[in-house]
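Novice: Protein sequences appear in the order of chains A, B and C. Per the numbering used here, the very first residue in the first sequence carries number 1266; after that it's consecutive. Per the numbering used here, the very first residue in the second sequence carries number 3; after that it's consecutive. Per the numbering used here, the very first residue in the third sequence carries number 9; after that it's consecutive.
Read the hints as simulated data drawn from the structure, not as lab findings. Possibly wrong hints are sitting among the right ones.
As the list claims (entries may be wrong) - For each label pair, taking beta carbons as the anchor points, the in silico distance ranges come out as:
id : chain 1 : residue 1 : chain 2 : residue 2 : range
1  : A       : A1498     : C       : A93       : 54 to 62 Å
2  : B       : H41       : C       : A58       : 42 to 50 Å
3  : B       : G42       : C       : G92       : 20 to 28 Å
4  : A       : T1345     : C       : P143      : 44 to 52 Å
What the hints assert, rightly or not - To spell it out: a stretch of chain A is covered by chain B in this simulated footprint if at least three of its residues, at any positions, have a beta carbon under 8 Å from a beta carbon of chain B; those stretches are:
id : stretch
5  : 1317-1327
6  : 1396-1408
7  : 1426-1432
8  : 1480-1486
Note that CB positions come from ideal geometry on N, CA and C, so glycine has one too.
Each chain, letter by letter, is given below.
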Amino acid sequence: MTHAVSLSAASATGTARRSWFGWFTLVFLVFSQVTAILISPPDRDMGDLQKIMYVHVPAAWMTMLAPLALLAFGVRYLFTHREEDDLLAAASGEVALVFAGLTLALGMIWGRPTWGVWWTWDPRLTSTLVLFLILAGYLSIRALIDDRDQRAQWSAAVGVLGAINVPIVYMSVRWWRTIHQIQSSPATVDPAYVIGLRLNAFAFLFVMIYFIRRRRDAFVLERAAEHAGEAAALGGLSRE
Amino acid sequence: MRARRRHWEGFRVNENWLFVGAAFGLTWVVLVGYFVRVHGAVRRAQALLDAAAVVPR
Amino acid sequence: MSMRAEWRRARAIAWKDLTAERRSKAQFNGVLALALTILVMFGFALGPDAQAIGDAAAGAIWLAALFAGVLAFNRSYQTELDGGALEHLLLYPGSRRSILAGKLMANFAFVGAMLAVVVVAAIVLFHVQVPARWPALVGILFLGAVGLTTLGTFYAAIASRSRAREVLLPLLLFPMLVPVLLAAMEATKALLGGNAMSDAGAWARLLLVFDVIFLVATFLVFESVIEA
Chain A
1266 MTHAVSLSAA SATGTARRSW FGWFTLVFLV FSQVTAILIS PPDRDMGDLQ
1316 KIMYVHVPAA WMTMLAPLAL LAFGVRYLFT HREEDDLLAA ASGEVALVFA
1366 GLTLALGMIW GRPTWGVWWT WDPRLTSTLV LFLILAGYLS IRALIDDRDQ
1416 RAQWSAAVGV LGAINVPIVY MSVRWWRTIH QIQSSPATVD PAYVIGLRLN
1466 AFAFLFVMIY FIRRRRDAFV LERAAEHAGE AAALGGLSRE
Chain B
3 MRARRRHWEG FRVNENWLFV GAAFGLTWVV LVGYFVRVHG AVRRAQALLD
53 AAAVVPR
Chain C
9 MSMRAEWRRA RAIAWKDLTA ERRSKAQFNG VLALALTILV MFGFALGPDA
59 QAIGDAAAGA IWLAALFAGV LAFNRSYQTE LDGGALEHLL LYPGSRRSIL
109 AGKLMANFAF VGAMLAVVVV AAIVLFHVQV PARWPALVGI LFLGAVGLTT
159 LGTFYAAIAS RSRAREVLLP LLLFPMLVPV LLAAMEATKA LLGGNAMSDA
209 GAWARLLLVF DVIFLVATFL VFESVIEA
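Please model the entire structure based on the sequences and the hints provided.
Specialist: See the structure below:
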């Protein structure tokens, strides 16, 4: 039985804090992006294409972090059965999907002028694609199951297994590529770019955290509205 | 790699900025778009909640 | 519940699944026929050039087994779903894991038998030499079947009880199977091509590791899935 979320989770003070954090995140993101673009010199080989790194790499890092959040909240839900954990897991899954999709698109935008093709079966890009599909499956499950408890249980199980599989997928795809001896993508980061990268990495991290919490707020409010609607329909309002 | 670079010499350097622009543009479109979506969901749910609370006992 | 009692329970469930299967032999034959048909379709997609087809044989074998297996996995919960037998099964005292174990064994026998026939058909249709190291090939088929069956049986426990089950099972299962399929296909490719044994050996070891990981993970999580 899933323990219902308390309405205090969406209390006024919480939302106000979220607002402050939201504005800070936006400002920091703009600052990081502008700074990185302005202070970085063109790369020897890639020229100004290098600047794409400032969105692609942080997005890729968030694509690794968000599933970890999904894993953590999913495992916690399986132990606690608290609705809060289920909603946090769902929010993490959705945000993870957004970042995965963005990473893929940016990888393709970077790849086209750099290597001449829209897609190579590069280990990291391919693993991200598989992760994207895993997350799509996770969200499909949530969309297709109506029973609240069943949905929470099953999506937690699916999410946890899916998240565990990510490093395994990466390992197997990398091995697959090595066997067939295709060149791997360059991984070194010139020290000149580190500051810009770090700034943007943090900016994206704040964005991810903000999104997850905001999405969770939306779920909580939706759930509370449902409860209130049901209670009103039954006559009289009860706060749980 | 060298062959590829020779092929791409036909590209004007300006073309790179198209891709850089596309990358940053797409990033902002996605992030802002998702924010709008979540914000909309919060607003809608809040409205529903307020409406339900107003129902007389 | 003691280990022996759990084992007996698992065997009972496996036996029930398999004998219900045997009485309606049509189901195994149907799924097998589907696998062979898919194999033939691959032949049309990739052939008729002997070289191209030979290279693709390993991939075609496993994909045919995968697509046909998906039907089998969903069906394996059918008897419990019809007539609400699942609730009754859950009422009996005993670990839920024995349910998974029983279903795993039954599905593994099913998939294994199907794979064996598919491989023979592929050797014929795709101009592949019967490898000298065919016991090693059997080993790879075994390990691959374990991985395929483990994840398939697990996700079918969810998919078979939800709407759009035909879509949901492949959607959930296929991305999760990437490591197992990659390892199985590469190892099979190495063996069928008569290449150096070392390649296949490395993949086989990886496949074994994957099997263990997924077996443990699914057993740990199955309880919360079957109860819901």
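Novice: Which hints, by number, does the structure contradict?
Specialist: Hints 1, 2, 3, 6, 7 contradicted; others consistent.
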